[in-house]
Amino acid sequence: MVYDLIVCRSLTYAQRGVRLLERAGISAYLVRAPRLIARAGCAYCIKVSQRWLERAVELMREAKLVPRGIYQQLEDGSYEEVSV
Amino acid sequence: MIYLDSAATTMEKPASVPSATAWAMTHMASPGRGGHGAGMRAADTLYALRETAAQLFDVPNPEQVVLTYNATHALNLAIHALVRPGHTVLISGYEHNAVTRPLCARGDLTIRVAQAPVFDQAGMLAAFEEELRRGVDVVVCTHVSNVFGFIMPIGELARMCRERGVPLIVDASQSAGCLPVRLSEWGAAYVAMPGHKGLYGPQGTGLLLCGEEQPAPLLYGGTGSESQNQTMPDVLPDRLEAGTQNVSGAAGLLAGLRFVRCKGVDRIGAYEECLSGQLMDGLEQVPGVRVFRGPKGTQTGVCSITVEGMDCEEVGSWLARRGIAVRAGLHCAPLAHKTAGTLDTGTVRLSCSAFNTSQQVRRAAGAIAHLARCQGKGR
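Residue numbers (numbering that gives the first Met the number 0), protein chains in the order written: chain A, 0 to 83; chain B, 0 to 378.
Isolated chain A, as found in the complex (with noise of 0.2 Å):
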């Protein structure tokens, strides 16, 4: 299964987005953004399937938790910035 990781602004935001998420039926983990996509530093992130990120995104809007990032992990490691 593919996975997206959605960064946020801060660890109590990204506590909030899960959540938000899991309330809405979404499988929503909290993990530690790697520091590849962290951007300005130490991050956390929601790690979601990609089938779910389109809905995630949504509702982390219309909740006022605007993403940092939103990136998909490549199969050599990478990470690529995913637009929603």
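Simulated from the structure, these hints should not be mistaken for laboratory data.
From a predicted model like this one, the values you see are computed outputs, not experimental measurements.
Keep in mind that a hint or two might mislead.
What the hints assert, rightly or not - Distance ranges between label pairs, derived from CB positions:
hint, chain 1, residue 1, chain 2, residue 2, range
1, B, D119, A, S26, 26 to 34 Å
2, A, S26, B, R100, 47 to 55 Å
3, A, E74, B, K262, 50 to 58 Å
The C-beta atom is built at its ideal place from N, Cα and C for all residues, glycine as well.
Once you have looked at the hints, place chain B on chain A.
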């Protein structure tokens, strides 16, 4: 011991508070500083605390709940965030030093005081209205006087501030846990509260509820986020939470909040008021004892007294020797005493919590009556 000093610290806690605090000390690491289990447990606890507080105090989102070391810390943050050089700040005549000292330390402000006799809510509103009409930049007001238990008409005051576009900081030190505290409904800029009083948390904990303002930090340092930037993050709570938080304290405070939520704020408030009423009923019959008692609905479970011919500290010490813990003196609120005319004498304050009983307040009233009678005979 009969403990009647809960306006300072509620000493008897729900059993869940010390056990949560102790467990956190050995099972939780730094929140937001790692992805390991112990760090994430800490992060989950802090989030649960913010979420519970947000529900209890009408805060739109958990990130608007900032963890502090106490209400003084929270008030300093709020004042620092809102008050600018040259501002005119309006306060009530019942403020604690946690409000007046940070304001006086600035030296570049005009501080005006809305004055009214103790328990005169209408008079207090009229005084605020008059001062607001003259023009002020910020209002800071306690919800309840820590000396007299005098409940300020905070809802009405908040409405007056909203109508004039004046930001309001509320000191909820004596109301959180026993009266409804409503950040959004009031439209307050900030509401500050300690964790160790009516929320039954450990000492060294507090909360700052933040409205729409973008606050300026008071402390700068690591937040576990945006580490490459040399400015503080622009999002709450990170912006105001530099350094590792008091995680074990937060775990205890979360247990305290859950206790308050389960018991019900209204029920706790009514119970404490009832106990205080019994205490005052007893003391009002005693010659030589002056009881500061307000009409129904104007006073919480806190009451102040003086005993004729006795220094308040003497009364406090006499009671302490008999196993009754009260607080005597000025209660860090000289302005409140000045307003009520007790600055020279101070008062003896007796304050209840959800863990006191009728029997305890009857025994305390009996002891004070005995003391006052002995004192009367000696004159």
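In rising order, the numbers of the hints this structure does not comply with: Checked against the structure, the only hint that fails is number 1, while the rest are satisfied.
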